[in-house]
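Chains as they are written, first to last, in our numbering: chain H, 1 to 201; chain A, 1 to 593; chain W, 1 to 259; chain R, 1 to 270.
Among the hints, erroneous ones may be present.
Below, simulated DSSO-like cross-link-like pairs (lysine-lysine); rule was C-alpha separation at most 30 Å, straight line [as the list claims (entries may be wrong)]:
#, chain 1, residue 1, chain 2, residue 2
1, R, Lys36, R, Lys152
2, W, Lys244, W, Lys16
3, A, Lys564, A, Lys27
4, R, Lys141, W, Lys133
5, A, Lys158, R, Lys65
6, A, Lys158, R, Lys141
7, W, Lys242, R, Lys45
8, R, Lys94, R, Lys45
9, W, Lys133, R, Lys142
10, W, Lys244, R, Lys45
11, W, Lys133, W, Lys242
12, W, Lys133, R, Lys57
13, R, Lys45, H, Lys121
14, A, Lys27, H, Lys167
15, R, Lys88, W, Lys251
16, W, Lys251, W, Lys241
17, R, Lys141, R, Lys88
18, R, Lys212, W, Lys242
19, W, Lys251, W, Lys16
20, R, Lys88, R, Lys158
Here are some of the chain H residues that sit facing chain A, going by a computed Cβ distance under 8 Å [said to hold, decoys possible]:
#, residue
21, His15
22, Leu29
23, Leu31
24, Ala32
25, Ser33
26, Ala40
27, His124
28, His125
29, Arg129
In short, the hints are calculated from the structure, not lab data.
If you're wondering where the values come from, they're calculated on a predicted model, not measured in any experiment.
Each residue gets a CB set at the ideal place from its N, CA and C atoms; glycine is no exception.
The primary structure of each chain is shown beneath.
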Amino acid sequence: MSATAEVIPHTVEPHPVTGVYNGKFGMWLFLASEIMLFGALFSSYVLLRVGSAEWPHGYSVLNVPLATVNTMVLITSSVTVVMAWYCLQLNDFGKARLYLLATIGLALVFMVIKYIEYSSKFEHHHYPRTNLFYGLYFTLTGLHGLHVLGGILVFLYFVGPGAGMWKTDPHRYTNRVECAGLYWHFVDLVWIFLFPSIYLL
Amino acid sequence: MSAATHGSHAGHDHGAAHGHDLPFWRKYVFSVDHKVIGVQYTITALVFLLFGFSLMMIMRYQLAYPGRPLPIVGSWLGPGLVNADRSLSPDGYNVFGAMHGTIMVFLAVVPLVVGGFGNYVVPLQIGAPDMAFPRLNAASYWSYLSGGLVMFASFFMKGGAAQSGWTSYAPLAVISPGQTVWLLGMVLLITSSLLGSVNFIVTIVQLRAPGLSFFRLPFFVWAQFVTAFLLLLAFPPLEAAAILQLMDRIAGTSFFMPTGLVVSGQILPTEALPHTGGGSPLLWQHLFWFLAHPEVYVLILPAMGIVAEVVANNTRKPLWGYRSMVYAIIFLGFMSFIVWAHHMFMTGMGTKLSLFFATTTMIISIPSVVVLTALILSLWGAAMRFNSQFLFALAFLPMFAIGGLTGLPLGLPASDIHLHDTYYVIGHFHYVVAPGTIFAIFAGVYHWYPKVTGRKMSELLGRVHFWPSLICMNVIFLPMLFQGLQGLSRRTYDPLVYDAGQAVQGWHFVSSWGAWILAIAQIPFIINFFWSAVAGKKVSDNPWDATTLEWAAPSPPPHGNFLKSVSVYRDPYVYSPPGRPSDFWPQNQPPED
Amino acid sequence: MMAGGYSLWLPVDVSKHGFEIDRLIYALHILMAVLFVGWGIVFAYCLVRFRQRPGHRADAVVIKAKASKYAEIGVAVFEAVLLLAFAVPVLARVKNQFPSEAESEVVRVVAEQFAWNGHYAGADGVFGRTDPKFIAPDNLIGLDPNDPHGTDDIITVNELHVPVNKPVIVRLSSKDVIHSFAVPALRVKQDVIPGMTIPIWFEAARLGEFDIQCAQLCGNNHFKMRGRIHIDTDAAFAEWKKSKAPGEAPKVSEEDFQL
Amino acid sequence: MVNVKRVAVLCLAAVGVAVSGSDVLAGGPMGTATIKGKAMLSAAKPSMRAIDMGADKACAAMHSKPQYPQGKMVFPDGSIPYAFIYLKDGVTGKYDTPSTPVEIDQQGCMYRPHVFGMIAGQPLLIKNNDDTAHNIHALPKKNAQFNFSQPKKGLENKLEGSKTFTRPEVMVKIKCDVHPWMSAYAGVLSHPFFAVSGKGGEWEIKNVPAGKYTLAIWHEEWGTMEVPIEVADGATVEHTFTYSKAAAQRDVNVREVTVGSGPIARASNP
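Chain H extracted, bound-state conformation (with noise of 0.2 Å):
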């Protein structure tokens, strides 16, 4: 049983007022931030694009087709990870498990796709100096890749190392994989910004 738990109040039981545990409270304070941050850069892209005399159309430099099925990937994952979480609500492990990995499985292949998309760029000797329009895509594209990154990382460590909570404090680690879900959420939600402002429009 974690100590901690014990010393600190709402780690595992949601508060009464405000109807959340800490994790979840924090979560959502830092997928506020996070908005801020993509906000920040979504508005430079915004205010770049006007200023600037030409733009290419993401559709006809970018592959769309390869971006759609990303797009799908991703959103799957999402699935996938309500799923892990719902297992654990009805103390099924091994299905959970299974649904995290294949999560983890998803995000691995949004990455390969992302590789691809990226070496053909380079291929073709579009770098982010390239112009405005590609310095922005490989930023945000790069920087959400990142955070694709860190799910996978988190991901692993509760299928590998971190899978032992679920014996000693089940809720807690249920309440984490809910934790990391609201991430991945996010992470799905800003590609979906993404994907038609800069491989649309």
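Once you have looked at the hints, place chains A, W and R on chain H.
Relative to chain H, chains A, W and R alone:
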């Protein structure tokens, strides 16, 4: 500590640790206890404060005696920072200027008021055993320290430290040496702030003791609460800006680089500067000031919180207008997000936009006036106890008043035409942060020192520290207002180049001597700080007869803070309640007592 | 040279609009003084009157200080008046109501690390085309030698001449980083942003020679970016222009050679 | 063996004689052949104005007659000074790095010398002889950049080791960011067979070992040319480089951009 503490903490896991059966490095170095982290923050930040101040003292020598070789330190500085004759070089001046600003804001003052005082005091004041996420708290400190060390190390790297001002305006910052390391350091510092602010908000919302409703929170906690929101929401845009500028520097993108640049006679893009253009230099300024204006309130709100605590305690009466102060700072927090462009009146923005930001700037001055007026009116009818912390808190009031008032001419775009980017600006914000926030920090140190160490700091040394500090602060910063009125541009290495500089050169001389004497005046404080820890007078758990919860814990508080669970029965500052013999009534004392 | 000066207030003002800015600065400082002294009196009174002493106990009953509310409202009203009655008209005049180009002297100023390059249209009144590829030690703004409009153009470094009592429009642009064109004596300041051309205008009321400062950190020799602006009579201004007009290409002899 | 004749590059320059690097820098296999010639311009003279030093009174005060941009100087007979002539290919010997520094003097807000050669790794001594602030900004492509200030008269900086130019590079531009007309060019080579054209466009490279070389010329305004050349021991070979418009390749990136200009910021602009 005692058996009671021992019992309540049985069965700790690896993360949250016992206070006594851990090796030294787990207990005091890689600790997750908010109090240890608070002390770590405080001491690290005080060291950076001294370092940042030293940089400025070197710059002040150049300003007082332009071109004269630096005594003593001249031979310590590397060839980039000094000329062949050991006088400070223009590059060195810019490096020191940029790093003074960066260190003071991001490595000294904010970590002191938020990381130091916030960490130590907030959980105690709300009756919590620790922060909501102790390990996150430790991560925040270590991220801060890494950021600080990266910044410090940049002095010794190829290309030296950043030299484009703490504002790092593009395109200068994109083409200047040292900036990449600065940006990496900033990313670490921003990460630290974000982790900290999440932790503070969750702690204050979720971990309050029973009975401690929001309007029973000490004002300091309110100030930290609003501050945490500012940090949480204002820092990410700076992080975005830092990422974009980093891309400009290492990947050759042109987010902040417009088309058609000719740098040092070379038409861009070149091999060294592969920027193809198309970007906007003003974008950086918008992103930067969107953070940096709320950052100003991050510097001042916790300071107001400390002053409010010290004032209430030493006037022996409740704060006047506690609720209006709380509403005022919440309003301040909101407004601080829509005033940023008043830093950019001279960038050629349209008059309509200028007027919008001038109006919001005038509006944001009102809550500051409310807080200041409330603090001054709190003195009415008091029974003042003039100890060191109260002296510093009292001095804060007129000093902050000067700092705030001198903001008015800068907030109106018309008068700003003459005063923008002059020494008037430097005088203005230093009055807010130096004799303002830093005096509040001193007040906080004297006030909470007995809680941290169980001993009091020397009153005599406190006074020897206070009076010269107060005088010197004014000797340093008042002349800057005159220099600014004359029109002397800031960041001017050799003021004698300009007519305006010659007309006010005497004031540079005065300012510089003020700064050096101020440095000497800090020696009693440093002695007091270390000496009192071992030889100061031992005091009770509540030496100031204070009402808030931190004084209900033992001094120093054990791991887990309170010996038994605390509940709150009344408002934070019930001093001199009518009909009771005692002149204070602690928040946690049950009414039937 | 008056090194060691201890000036306390504003520098001389030689512009026609400057008095309005100065008036605003005066008004603001009076407001600041009134507020500061007001607070100060209450503050000082409290310090003396409400010290801790035997037999004195703090009065916890909250005073009903209407005064504070009035003070706050007063400040708000005063700020509103300053903003609307003083700041807005000046700003509108300085920033928006440009004189017509025909009645004004138009000057281009191209800032660079670390100099102000002046560019006058010359006798034909038309600015020559510029292009970075023509930048040379004798052609710092890259005037196109093939453009007939440019052959009579005057180029100066750190030296501007303007006529007195005539509106002057300055078109500011930058080659490299952000600079700020500041002439304290004319109460003029404008950031110079690369990638943009920002016009400002002023009208000088008195003759003289004054500093142009760079007010925005622009690199290691930012402090050295000082120009001079000469306010001349019409005749002197015309004379200066004539003396600066490029004549025949100079004949270089071997005497001019120095390694 | 470092055998450096104590004749500074500057002394020769002062009398306007063509400078041969091998005359002052030895320390490797030397020969007895001489290559000399002239640098001429057959195209139309460039348009030129005198340098306006009004920017800094300290600069203007040091000159009694107008100063001209060196790159555009053409003498009445069509000869051009400040061309850098060197053996581009064919030098096989290894040459020591001299320890005597090359001096760059800032005098009257001009660099003296304006064009000079040096051996990679040779120290640079930069002096400020003017009563004003100078900034020395080197803009090499293969070597390390430097950019520092000398804010007053009498300051000297000696750049040695990794601080100086350590790799061959023709040419490195050096400029002053405070006085934008000031520029100097350094030809950094691995050997001492270079010269700078002087009065009458004359130049001379001495002590060349017998062999086949590519002789090259560089001029800041007129570009570069090369010619194969063969010398025998004791022989003197002459070559005149003549720039016609066709031969000149200007090393600039040509783009249609107005200097420091962009869209006018405000609609209310007149």
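- With a cut-off of 8 Å, does the beta carbon of His15 of chain H approach a beta carbon of chain A closely enough for the hint to hold? The hint holds - His15 of chain H has a Cβ within 8 Å of chain A, the shortest such distance being about 5 Å.
- Is the hint on His124 of chain H kept, meaning its closest Cβ partner in chain A is under 8 Å away? With Cβ-Cβ at 16 Å, over 8 Å, it is violated.
- Would you mind confirming whether the straight-line C-alpha gap from Lys88 of chain R to Lys158 of chain R stays at or under 30 Å? Holds: Lys88 of chain R and Lys158 of chain R sit about 28 Å apart, inside 30 Å.
- Hinted pair Lys133 of chain W and Lys57 of chain R, Cα distance within 30 Å: holds (29 Å)
- Within a Cα-Cα threshold of 30 Å, do Lys244 of chain W and Lys45 of chain R meet the stated pairing? Given that 30 Å is the threshold and the Cα spacing comes to 22 Å, the pair holds.
- For the pair we were handed, Lys88 of chain R and Lys251 of chain W, check the Cα-Cα distance against 30 Å. Answer violated: Lys88 of chain R to Lys251 of chain W is near 34 Å, above 30 Å.
- Message: Check the hint pairing Lys251 of chain W with Lys241 of chain W against an upper bound of 30 Å on the C-alpha distance.
- Response: Cα-Cα ~22 Å, so holds.
- For the pair supplied as a hint, Lys242 of chain W and Lys45 of chain R, confirm whether the alpha-carbon distance does not exceed 30 Å. holds (25 Å)
- Query: Given the proposed pairing of Lys27 of chain A with Lys167 of chain H, does the C-alpha separation stay at or below 30 Å?
  - Reply: Answer holds: Lys27 of chain A to Lys167 of chain H is near 29 Å, not above 30 Å.
- Under 8 Å, Cβ to Cβ, is where His125 of chain H needs to be relative to chain A, so tell me if that hint holds or is violated. violated (13 Å)
- Query: Do the alpha carbons of Lys45 of chain R and Lys121 of chain H lie within 30 Å of each other, as the hint requires?
  - Reply: violated (48 Å)
- Task: Starting from Lys36 of chain R, check that the Cα of Lys152 of chain R is at most 30 Å away, please.
- Result: violated (40 Å)
Hint violations for this structure: numbers 1, 5, 8, 13, 15, 18, 19, 23, 27 and 28, all remaining hints satisfied.
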